[in-house]
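Numbering (my numbering), first residue to last: 1 to 302.
The calculated DSS-like cross-link candidates involving lysine-lysine, where the alpha carbons are at most 25 Å apart (straight line), are:
# : residue 1 : residue 2
1 : LYS271    : LYS68
2 : LYS293    : LYS271
3 : LYS28     : LYS68
4 : LYS296    : LYS245
5 : LYS288    : LYS245
Derived DEER-like restraints, expressed as beta-carbon distance ranges:
# : residue 1 : residue 2 : range
6 : SER273    : GLU91     : 24 to 34 Å
7 : ASN185    : ASN121    : 19 to 29 Å
8 : ASN118    : GLU241    : 37 to 47 Å
9 : ASP137    : ASP63     : 16 to 26 Å
Calculated from the structure, these hints are not laboratory results. Only a predicted model underlies this, so the values are computations on that prediction, with no experimental measurement involved. For glycine and all other residues, C-beta sits at the position ideal for the given N, C-alpha and C.
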Amino acid sequence: MLIQQYTRKINMIHGSITALVTPFRDDKIDEKAFQEFIEWQISEGTHGLVPCGTTGESATLSDAEHRKVVSLCVEAAAGRVPVIAGAGSNETRVSIEYARHAKELGADAALVVTPYYNKPNQEGIYQHFKAVSEQVDIPIIVYNIPGRSVVDIQNETMERIARLETVIGCKDATGDIGRVTDLKNLCGEAFVQLSGDDPTALGHAVHGGHGVISVGSNVAPALYSHFQEACMHNDFITAREIHEKLDRLHKDLFLDPSPAPAKYALELLGKMSADVRLPIVSCRETTKNLIQKAMKLADIAW
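From just these sequences and the hints, can you work out the full model?
Shown next as structure tokens:
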């Protein structure tokens with residue numbers, strides 16, 4: 001039964017998966033805006049949702065807020081698309097608790113990031129994921145982002161992690177598309193490989209990736225969905241055309257620390273306030289101007 005359940009989850013997780021921003025107003029979660037935003041995402045064709053990832057400013061959410069955001073997301077999604085709940089922490093016990101909470105709420109999977117700041121070695125990384133896997137019966141997507149965590153999950157370590165019963169795939173934010181084939185050979189065809197880097201998502205898909213956990217799809221969910229659907233059908237001519245339309249947006253959403261640029265774009269679209277929490281600050285005027293130009297290049301009207 002467990003294998004059948006996880007096979008279904010594996011088949012569900014693909015395409016354009018939005019790393020959701022968390023709307024704030026007066027330094028509180030704007031619950032209404034968040035659930036309306038999720039409804040828009042689904043109506044625009046987004047294939048999955050990630051609450052409480054880096055883009056959701058998880059590092060500055062309180063424990064209660066983290067749990068509330070996941071709850072709101074699961075409730076709004078209502079089973080229409082998979083919810084991969086952020087369950088990351090540099091403290092293994094906290095990751096276990098967040099994964100357990102995600103399971104209790106009915107999330108489809110948990111996104112567990114490489115422990116950051118502590119700088120564990122490869123054995124420490126493996127033991128972290130092993131502990132979460134053994135304690136919580138929920139599919140796990142491993143999130144490798146050495147740009148933030150400092151440490152990189154080496155391919156051989158990922159192979160070990162992939163053997164854990166509940167681990168079904170990874171989100172790779174290294175930008176190294178050469179890893180896709182390597183990990184396919186080491187972890188198998190069924191291991192779900194998701195890009196965590198919009199600018200290289202096309203190359204990731206060409207090499208056999210299954211989709212992307214995207215920042216840009218916050219702003220242009222329909223375009224990112226069409227892009228991923230083209231990739232899934234091996235229509236890389238169409239995919240490249242869409243990629244070229246989105247190229248500036250991919251890059252300009254990171255001219256200032258994320259998610260400030262994405263929230264500015266969403267404020268232009270009338271989806272939410274651009275409010276962020278310290279130490280993230282609002283976009284510079286130069287960035288705002290470039291975001292507007294990138295949105296026009298992508299034919300995103302506001």
